[in-house]
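Visitor: Heads up: the sequence lines are chains A and B, in that order. Per the numbering used here, the very first residue in the first sequence carries number 13; after that it's consecutive. Per the numbering used here, the very first residue in the second sequence carries number 30; after that it's consecutive.
Read the hints as simulated data drawn from the structure, not as lab findings. Just so it is clear, CB atoms sit at the ideal spot from N, CA and C, and this is done for glycine as well. Take every hint as true, because none was put in to throw you off.
The list that follows gives simulated cross-link-like pairs (lysine-lysine, PhoX-like), each with its CA atoms no further than 25 Å apart: (1) A:Lys63 / B:Lys305; (2) A:Lys76 / B:Lys332; (3) B:Lys334 / A:Lys76; (4) A:Lys412 / A:Lys397; (5) B:Lys318 / A:Lys63; (6) A:Lys353 / B:Lys158; (7) B:Lys456 / B:Lys434; (8) B:Lys450 / A:Lys318; (9) A:Lys353 / B:Lys76.
Facing chain A, a subset of chain B residues (Cβ under 7 Å, in silico): (10) Ser134; (11) Phe147; (12) Gly160; (13) Leu162; (14) Ala287; (15) Pro289; (16) Ile298; (17) Gly304.
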Amino acid sequence: MNKHLIREWHFMLRQSYVLVLLLCGFLISSFSVLTGLSEIDSQRETIERLKTADQLDRAEAQDKHNAPGALAYYSFHLTYSAPSNLAFAALGERDIYPWKHRVRMLALEGQIYESDAQNPELAQAGKIDFAFVISALSPLLLILLFHDLFASERASGRHELLVTTTESSFALWGARVVVRLFAIFISLILPFYVGALINNVAMTDVLILSLWCLLYFIFWIALSLLIGRRESSAPRIASILIGFWALFTFVIPILGDLAINQSIHSPQGGEILLTQREAVNDAWDLPVQTTLNAFTATHPEYIGYKHENEGFDWGWYYAFQQVGDQVAEPLSIRYREAALKKHQRASFVTLLSPTLLIQKKMTRLAETDALAAMAYERRIREFHKTLRMTYYPWLFSADKFNKSNLDLLPQFDSTTSGTTYSRKNE
Amino acid sequence: MSKIHLAQIGCVAKDELRYWSRSKLAISILTIGIVLTLSSVIVTAFKMHELSEIRHSMQETSEETFMEQPDRHPHRMVHYGHYAFRAPSPLSMLDPGVDAHTGNSIFLEGHRQNSAMFAEQEQSTGLTKMGSLSPAFIVQVIAPLLLILIGYSSVSRERESQTLSFILSQGTSIFTLIFGKGLALFFVVCLILLPLTISGVFAVLLGESLAIVGGFLAGYMMYLLVWVLVILLFSTLFSKKSESFTALTFAWILFCIAMPRIASSTASISVPTAGKLETDFAVIASLRKLGDGHNAQDPAFTKLKNSLLKRHGVDSIEKLPFNFRGAVASASEAELTAVLNQFAEDRMLQELQQTLVARLFGWLSPKVAIRSLSMISAGTSVETHHRFIRETEELRFRFVQSLNKAHMEKLSYRDDVNRNKGEEARKKASVSSTNWQMIQGFRFSPADATTRFTRSADAYAQLTLWIVFLLLFIGYTGRRVQ
Numbered sequence: 013m014n015k016h017l018i019r020e021w022h023f024m025l026r027q028s029y030v031l032v033l034l035l036c037g038f039l040i041s042s043f044s045v046l047t048g049l050s051e052i053d054s055q056r057e058t059i060e061r062l063k064t065a066d067q068l069d070r071a072e073a074q075d076k077h078n079a080p081g082a083l084a085y086y087s088f089h090l091t092y093s094a095p096s097n098l099a100f101a102a103l104g105e106r107d108i109y110p111w112k113h114r115v116r117m118l119a120l121e122g123q124i125y126e127s128d129a130q131n132p133e134l135a136q137a138g139k140i141d142f143a144f145v146i147s148a149l150s151p152l153l154l155i156l157l158f159h160d161l162f163a164s165e166r167a168s169g170r171h172e173l174l175v176t177t178t179e180s181s182f183a184l185w186g187a188r189v190v191v192r193l194f195a196i197f198i199s200l201i202l203p204f205y206v207g208a209l210i211n212n213v214a215m216t217d218v219l220i221l222s223l224w225c226l227l228y229f230i231f232w233i234a235l236s237l238l239i240g241r242r243e244s245s246a247p248r249i250a251s252i253l254i255g256f257w258a259l260f261t262f263v264i265p266i267l268g269d270l271a272i273n274q275s276i277h278s279p280q281g282g283e284i285l286l287t288q289r290e291a292v293n294d295a296w297d298l299p300v301q302t303t304l305n306a307f308t309a310t311h312p313e314y315i316g317y318k319h320e321n322e323g324f325d326w327g328w329y330y331a332f333q334q335v336g337d338q339v340a341e342p343l344s345i346r347y348r349e350a351a352l353k354k355h356q357r358a359s360f361v362t363l364l365s366p367t368l369l370i371q372k373k374m375t376r377l378a379e380t381d382a383l384a385a386m387a388y389e390r391r392i393r394e395f396h397k398t399l400r401m402t403y404y405p406w407l408f409s410a411d412k413f414n415k416s417n418l419d420l421l422p423q424f425d426s427t428t429s430g431t432t433y434s435r436k437n438e
Numbered sequence: 030m031s032k033i034h035l036a037q038i039g040c041v042a043k044d045e046l047r048y049w050s051r052s053k054l055a056i057s058i059l060t061i062g063i064v065l066t067l068s069s070v071i072v073t074a075f076k077m078h079e080l081s082e083i084r085h086s087m088q089e090t091s092e093e094t095f096m097e098q099p100d101r102h103p104h105r106m107v108h109y110g111h112y113a114f115r116a117p118s119p120l121s122m123l124d125p126g127v128d129a130h131t132g133n134s135i136f137l138e139g140h141r142q143n144s145a146m147f148a149e150q151e152q153s154t155g156l157t158k159m160g161s162l163s164p165a166f167i168v169q170v171i172a173p174l175l176l177i178l179i180g181y182s183s184v185s186r187e188r189e190s191q192t193l194s195f196i197l198s199q200g201t202s203i204f205t206l207i208f209g210k211g212l213a214l215f216f217v218v219c220l221i222l223l224p225l226t227i228s229g230v231f232a233v234l235l236g237e238s239l240a241i242v243g244g245f246l247a248g249y250m251m252y253l254l255v256w257v258l259v260i261l262l263f264s265t266l267f268s269k270k271s272e273s274f275t276a277l278t279f280a281w282i283l284f285c286i287a288m289p290r291i292a293s294s295t296a297s298i299s300v301p302t303a304g305k306l307e308t309d310f311a312v313i314a315s316l317r318k319l320g321d322g323h324n325a326q327d328p329a330f331t332k333l334k335n336s337l338l339k340r341h342g343v344d345s346i347e348k349l350p351f352n353f354r355g356a357v358a359s360a361s362e363a364e365l366t367a368v369l370n371q372f373a374e375d376r377m378l379q380e381l382q383q384t385l386v387a388r389l390f391g392w393l394s395p396k397v398a399i400r401s402l403s404m405i406s407a408g409t410s411v412e413t414h415h416r417f418i419r420e421t422e423e424l425r426f427r428f429v430q431s432l433n434k435a436h437m438e439k440l441s442y443r444d445d446v447n448r449n450k451g452e453e454a455r456k457k458a459s460v461s462s463t464n465w466q467m468i469q470g471f472r473f474s475p476a477d478a479t480t481r482f483t484r485s486a487d488a489y490a491q492l493t494l495w496i497v498f499l500l501l502f503i504g505y506t507g508r509r510v511q
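Chain B extracted, bound-state conformation:
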């Protein structure tokens, strides 16, 4: 194997750049690439910023209206309920991921786990199903195509016009040539990634971890490097530039257009998931056994009653040092939540398994690999949505139980039982609105950096394998051509 000279690689790269600068097509493609990336970065940044503002302000409004409620029966507040909004993560301005496809707000109330509502996509034009103006889409799908259009002929051109044997006979090794051309293409990759990097800096300023942003950008660098290598390989493999062009276009169609959807379809069929509606029936069946927490006379609570009476050494619930109805509400909410959580966890697990099947296709298509890597790092993958569901459930349980605690400790059993006996009795059966203050302070943020890195390890491995495999293949092909 012949030696590779760094200086020579630089010369080849410079030559290739000069060749492009003379071609109108190459210049216009480069311009299109940079304009597209730049505009997608700007448009998406503004859009996500706006969404973030809206959701933060709605979160605040929701907390304020809750706290402004007058003194009343605490159980009224359990049903009054609360809203939680999913604030987008800083990196969502580069990859909005599933943000538009999942509901971004959730209504939290006693005795029920609601699903997230109002997915943006339901209120959209439906035009952007094929692709949207997000940096993620532009770099994952459009950038490889532009690289192909610029670079398809880098080596095959030299072969077709018989300049290759001339160059080789001058003492330049085939690998020097290939890597020189590769370096020129890599320069284009850097140009495309520049706007993303600037946006990444903003994400860090907004509080995103530096390591995650670095990993995110490195992932995209690896992905575009895969495409540079594919282009170099096909360009060396075929002796005619029209052939290398057709082959590369075909590879792009397969990897970027067909494979992600094939992955989704395969996943959805191989891991069928029951929707919430269906598992709700199982939930209802389990809940029937628990008894209705509104009805302290429900036989399901006899056991609770007896144990409480025994523990406090009294013979009737009126003599208990706290409100028995509040105790029942609290106990039944805890039991019910345990059941609901069990089903919710099962459902999320199924959904995650389905997603993992789709992500396996990253071994077959680098586009699928970078898609997972990008969404996981940005905190816009399905895991983040699950995190939102879990955190809001925790919030729901906390506020409901804190109200039940007030019900139990701050409202006497006698007043509570008499609450329907006229206006005066109703006023008496209430607690102070200071008890509503505990609602404050829900702010959603994605999982920490380490968790996200661990989740995206597979995707990094997939891209690395692609790079290694392509390098080996180029080595083999290069030796044959020489």
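Same shape as in the complex, but just chain A:
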């Protein structure tokens, strides 16, 4: 068996166009890993810089103000979603969804949709990451490498001779397939291994990802061979295979997208903001007690609060901020549910397309998909809630606050999952 493999290896090395394809594959894959690493590095550096600047800024605000209401108004809090170690290989949706945010204690619905997005023209073209190289480019390279396995021998008239003189069909075709698979696999995945080593990716993640790539490659090779057996002209075979590729990469996703968008209606984002704004602004003109009643309906522990001065009062101010969020909440929930539902239906569509499927698997593993972005948004909401809960006692009973209490303010922690957020002062 070894001698067949060695023979085919030497045979492959003599075919210059195969070598060109392998080299191109290797170069593009290396480029994708290199740029992916640098992108993730810069995201990490940005987060570090933001953390420092955020602390400085808050310290200054806390120096300048003394009342808990003013402190809450002027201190912003950084939240972020740090990229995972594997993110360099699948940049995913991080150029579409925000991964950094600064929030304060005002109505959250007015803040959370601010997005510090990256260059839209680059995001529209998409970046070349390893996930793209594997899911979209590798099938094309595989098609070019495997479509004419039989056809080229037929065309040069050697097919019948080879078939009758060889000892078994593995000795001939099997060895050739294995050698080419091995060569393309190595040239595409080697740069990823180097990147994974640099970025300390967990061994299990590397293994899982390698396995998926291998299975994906085998799928495309099997398809190529299947079609290759039936047809005789190499360009015809390749045309059909590219047709399949286009079906999986463009047609199924586009049709799926059309169908899903037809079936799910999401409220316009603008409506949430308008609703929230009206609620917050109306509160200035409404009797104070109306707002406080709406507030204590969800926060009964502050029922005893008395609105002291005639004019402006911080407790009342934050109460109507919260009431603004409460009024917008049904819309906001519908908005988020629509996004989630779209995502869930899209997962069914990915089952019809191996290209989408492997991309989804990779971004899930790297935590760079829409689900990860939604989880981050939930963490922001949790954090905002913790922040409010920390400030409320200080706002509603003036004697409970002195400035050393500020140490009790929650710190955003990007590793906590949304639900386990704990308050320091509990």
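Knowing the structure of chain A, use the given hints to seat chain B on it.
Guide: Okay, now just chain B, sitting in the frame of chain A:
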């Protein structure tokens, strides 16, 4: 060099068309091409029309609710704020460009520049990252592939079956043959561009400049012509049709699939940009020096106070002929806006430089060239988004200052200071709601035709160079084959 006969070119082209009409594959590919283009044109036109309706109506609603606000303190309206929506340009029905990737609405309020919110892409299925059913994508990526599938063997077929030497010995020059085949492919190009042209006519009816639409379609014509030439070149260069096929497919993968993304990645790494969040820290630091415009006692305004007192020859702010608090609000808004604009301009400049690096890849890939040309012409490129940001900022500044003016001139200082002293005082500290009328009339449209042409000059040059280069190469290869 042998002569080229027009009549003969026509004969060759007719022959090639007859050859395709007998091939099931060619017919089905042609059908797919036309159906795809047509459906993308229709679907995108409806979608953009709907978006345009929604955004226009939301713009109107936003203005109406603003104007319906009752009499109140003008500064309340500064914080009440206003919404602006980016209406899509007429040609966005052919190339939606960055529309889905940027927020399409922006909240305008005093003392702050917000970013645009609610990018469609965030609320999408995420399925169309590889390609969408837009005419731009279909013609830029799919059409070249279809042309390749139809035309890869146009010359190499004749070589492989040894009919080429027969044709040449009959007195037909190789260039007559090549251009005849090219003419047949060009016919397909025209078929693909027909639905786009019809859509272009609608864009003109919707108010787009005729020159821009013409330039847009000419750009696409040039782009597909580049592909026709690439096909003719490779088909002449290789003696086997399987070789010309592999080479062409490979060129397509490189130009259409890999290169646009390589361009983005390179640009994003070579020109790092700080996000808004990060520059906001610098903004905050600069703003601290300016003082808080809500607090007329802020020491930062002493200088303003002294100069106003001196100019009007009075000794206290109560005696000024206008409301001092309004003057402070107005002055501090102007100062603050100058700082904010400085940072916003820097950020947009960085983003533009980043984009320009990506567009340089048009010299290496015609697909990148047509992408820039198409988005710039359609008014859906990053420049249009920047224009939206600038225009809405102007709108923001105008309405805030007009409210501050009302604050200054239509509300007395005494009433203003006493505004928190009971219901009656609060009513007194307000101005009439007729002052809210000035909000009307924001309609966004892309830059004028000349600006867009100037911006896309590079992309036209890139495509022209590709055509010239390919023609020269075909001339060289043709002579060798002959």
